[in-house]
Structure formats: C-alpha cells, structure tokens
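**Q** Using the sequences and the hints given, assemble the complete structure.
These protein sequences, in sequence, are chains Y and S.
For reference, each letter of the first sequence is one residue, going 346 to 559 in the working numbering.
For reference, each letter of the second sequence is one residue, going 26 to 223 in the working numbering.
Any given hint might turn out to be false.
Okay, the calculated bits of chain Y under chain S, using three or more residues with CB under 8 Å as the criterion [what the hints assert, rightly or not]:
| hint | region |
| --- | --- |
| 1 | 380–391 |
| 2 | 429–441 |
| 3 | 535–547 |
Capping the alpha-carbon separation at 20 Å, the derived lysine to any residue pairs in SDA-like fashion look like this [to be verified]:
| hint | chain 1 | residue 1 | chain 2 | residue 2 |
| --- | --- | --- | --- | --- |
| 4 | S | Lys209 | Y | Leu382 |
| 5 | S | Lys212 | S | Ala195 |
| 6 | Y | Lys353 | S | Val201 |
| 7 | Y | Lys366 | Y | Glu352 |
| 8 | Y | Lys353 | S | Ala195 |
| 9 | Y | Lys353 | S | Leu213 |
| 10 | Y | Lys353 | Y | Asp376 |
| 11 | S | Lys126 | S | Lys96 |
| 12 | Y | Lys353 | S | Arg200 |
| 13 | S | Lys209 | Y | Lys366 |
| 14 | S | Lys212 | S | Leu183 |
| 15 | S | Lys96 | Y | Gly415 |
| 16 | S | Lys96 | S | Pro109 |
| 17 | S | Lys99 | S | Arg51 |
| 18 | Y | Lys353 | S | Val113 |
Hints in this document: simulated from the structure, not taken from any laboratory.
Cβ atoms here follow ideal geometry from the backbone N, Cα and C, with glycine treated the same way.
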Amino acid sequence: MSCEEWEKAIAFLVDGEEAAKGLAEHLDACDACSRLLRNLREDQAALQAIPTVDSAAREALRNDVLRRVGRPRRTGRRWYAAAAAIAAALTIVSIWVRMPGRPAAPMPGEPERAVVRRVPKRVDSAAGKVPMATRKAGGSRWDAERQAEPPVPPRPADLSMDSEWGRILSASQQVDKRPAPRGSTSEVAMRIQTSDPNVVILWLKEEVKGDSNE
Amino acid sequence: LATETTVDGVLPGVPGVMDDLVERAREGSGAAFEALVRRHDRRLLSLASRLTGRLEDAQEVAQESFSRLYKNLKRFQSDDEVGPWLRVVTVNLCRDLARRKARSPIVMNENLTSRAAVEGNPERAASDREREQILRTALQGLTERERTALVLRELEGLNTLEAAEIMGVAAGTVRVQVMQARLKLRKLLEKQLGRQSK
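**A** Right, dumping it as structure tokens:
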C-alpha cells in the first residue's frame with residue numbers, strides 16, 4: 346500500500362474513526378505519513394480555534410433582524426407618542442368643527458348642470474357676422490328659433506384660453522331649457538361643490554343631442 | 026423548578042421551560058422572538074461566517090435565516106426544533122451565496138475577533154489573526170460541499186449523521202467529503218505557508 350493510499354486512512358483517523366489495519370506499523374516506519382498525521386491534527390486544532398463573532402456583530406444582527414420583521418426593540422415610547430399625537434389632532438379637529446363662525450361647507454351632492462347652446466364655429470372675420478343660414482326660413486322649428494335669436498357676438502380669431510374659459514363660464518350661468526334638436530352639439534358645464542367651500546370643480550364637456558355615447 | 030430566568034428569558038438546563046418562546050412569538054410577542062434570535066444568533070453567525078468567509082455575507086445570510094424563521098413560526102411545535110432548522114436554512118443560503126459569488130476573494134473582517142484578542146494578549150492575537158486569515162483563505166479554496174462538511178463536523182461539532190442530515194446527503198458522503206477536505210486543506214495551507222516563507 347502506497348503513502349498516497351495511507352493518507353485517506355490517516356484523515357479518517359483524525360476524524361475519530363478507528364485506525365485502519367496496518368496503519369500504526371506504517372506510521373512507525375514512514376516519516377512523511379507520521380508528519381501528515383501531526384499536521385492534520387494541528388489543522389484540526391486551528392480550525393476549532395477559528396474565532397467566533399464578537400458581541401457588536403451579534404447586536405447589529407439582532408437589530409437588523411428585528412427591524413426587518415417589523416418589530417422595533419423599543420416600541421413602548423413610540424406608541425405612546427403616536428397615540429398622544431393622534432388624540433391631540435382629533436381634539437383640534439372636533440373643536441374646529443363646532444366653532445360657531447366657521448363657514449358651513451355645502452354637502453357634496455348632485456352636480457349643477459348648465460347647458461350652453463353651441464356657438465357657431467365659423468365666423469366671418471371680415472364682416473364680423475355669423476354667416477346666413479343656408480336653409481330657408483320656416484323650414485324647421487330649429488331654423489325659426491335660430492333666426493329669432495339675437496345674433497351671437499363674433500369671436501375674435503385669436504381667443505386666448507383665459508377669455509375662452511371666461512366666456513363659457515359666464516354663459517354656463519344661464520341654463521338653456523329649450524330642447525335642442527337631435528344631432529346638435531352643446532357644451533355642458535358641470536359645477537361640483539366639494540366639501541371645502543373654497544374649492545369648486547368645473548367640468549366642461551361637449552354633448553351631441555341624441556348621441557347614445559354622450 | 027427554578028424561577029430565575031436569564032436575560033433571554035431562558036432557563037438554562039431546563040429544556041421544557043424553553044418551549045413557550047416559539048408559541049409566544051407566534052402569538053405576537055416581540056420579546057419572545059427577540060429571545061429566540063438572541064439564543065441562536067452567535068451560533069448562526071459563526072456558522073455563516075465560517076462558510077462564507079466574510080462577516081458582511083454572514084450577516085446577510087443570518088438575517089435572512091431569522092427572517093424565514095419569523096415567517097415559519099407556525100411550523101414549530103417546540104423551541105428545540107428551531108436550532109436544527111435554522112442551521113439547515115443557513116447552510117443552504119451559504120451554498121446559494123457561494124454559487125452566486127463563485128469563489129470571490131476573501132476580505133477579512135476585524136469584527137471576527139480571535140480568542141487571544143478577547144483574552145487580552147495582543148502579540149499572540151496578531152499571529153493568531155495571521156494564521157486565521159491563512160486558514161480562512163484555505164477554507165475558501167475547498168469546494169462548497171467539502172467546506173460545508175468540514176465546518177459542520179469540525180467547527181460546529183456535529184457528528185457525521187447530523188451533518189449529513191443538514192446537507193441532505195448520505196452519511197457516507199459526508200465522511201468522504203470531510204476526509205477529502207482535510208487532505209486538500211493541508212495542501213492549500215502548505216502552499217500558502219510556502220508562499221509566505223519565500
């Protein structure tokens with residue numbers, strides 16, 4: 346049996362197993378193998394002496410773990426502070442709600458709707474007049490109504506957004522109750538009052554009469 | 026029955042008394058879970074640092090192990106089951122990490138203190154640190170399975186059957202892996218020491 350084969354038996358011996366048959370005699374006769382046995386035993390002692398981690402590393406690990414699982418170590422004071430802050434906030438809110446001078450906020454409900462008859466888009470910029478109706482007068486009820494209406498003031502071609510909004514919003518205050526003919530378009534301004542009296546949502550949309558996808 | 030408890034809420038030497046930590050932690054007791062962590066952190070961190078060779082990696086692995094413990098508290102009937110389960114999880118996580126890193130060079134960390142340093146012998150501590158560094162470097166030269174088998178047997182003090190159970194292999198496999206690891210480690214150490222003496 347060669348020294349290379351005895352090496353395995355020596356390693357098993359270091360691991361606590363019984364010595365293989367003939368190993369003791371070989372170790373007596375072979376310096377290299379007896380040195381290997383000595384070295385392996387030293388390695389074993391050195392491995393067992395590998396340092397452990399210090400208390401700071403353990404403490405850091407504990408803190409990380411507890412933070413990660415969502416259980417902070419010192420929770421008592423934080424909970425008391427949070428509960429006190431919530432209680433104080435609720436007290437302030439209840440006092441403010443009962444104050445006599447506080448403006449009453451309207452309850453949000455059905456939004457107000459105002460229908461604005463659509464302004465003809467095409468404007469005769471040279472004359473500043475609305476173009477004449479192409480259909481004959483009396484042809485329909487709608488035509489008759491249109492002709493009876495006062496002429497719509499012309500819109501300058503370079504209307505800015507602000508003036509456009511102002512026009513629509515002021516027009517939206519007058520609700521047109523007449524039934525619009527089928528297929529005609531109109532702009533609808535919806536006024537939604539929020540719980541805050543100072544905040545009003547204005548929603549503008551275009552509606553086509555008789556359009557199911559309104 | 027003794028009535029004094031340690032800081033960890035554990036009665037040393039009275040196994041039955043330990044059994045309510047898992048139950049209390051499961052019911053939402055942070056103190057009980059912290060006591061569980063405190064009970065196992067040294068062993069787990071040591072195992073992970075010996076397997077990974079880096080304290081940062083060991084911290085990451087141990088943290089993940091405890092996090093999984095927290096998520097799996099329902100599966101334990103008693104505290105005695107926690108230690109072996111944590112060891113298996115840690116070994117598997119170290120194995121995954123080793124595969125990901127594929128033997129990256131080891132950076133030693135000062136937080137891994139030697140026994141001589143703890144005992145207050147600076148001269149011996151310096152030489153010990155050097156020796157330990159060589160040993161840790163050599164350990165990382167083993168295959169992941171050889172290293173795990175050797176660390177579990179030699180550093181964790183487990184017998185072959187226990188190590189085999191953790192590694193999920195036959196006892197005979199662990200026996201051979203430990204033998205191979207010892208001989209390989211010796212060669213790696215001779216190489217390292219020979220390089221140093223030149």
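**Q** Run through the hints listed earlier and report the numbers of any the structure violates, in increasing order.
**A** 2, 3, 5, 11, 13, 14, 18
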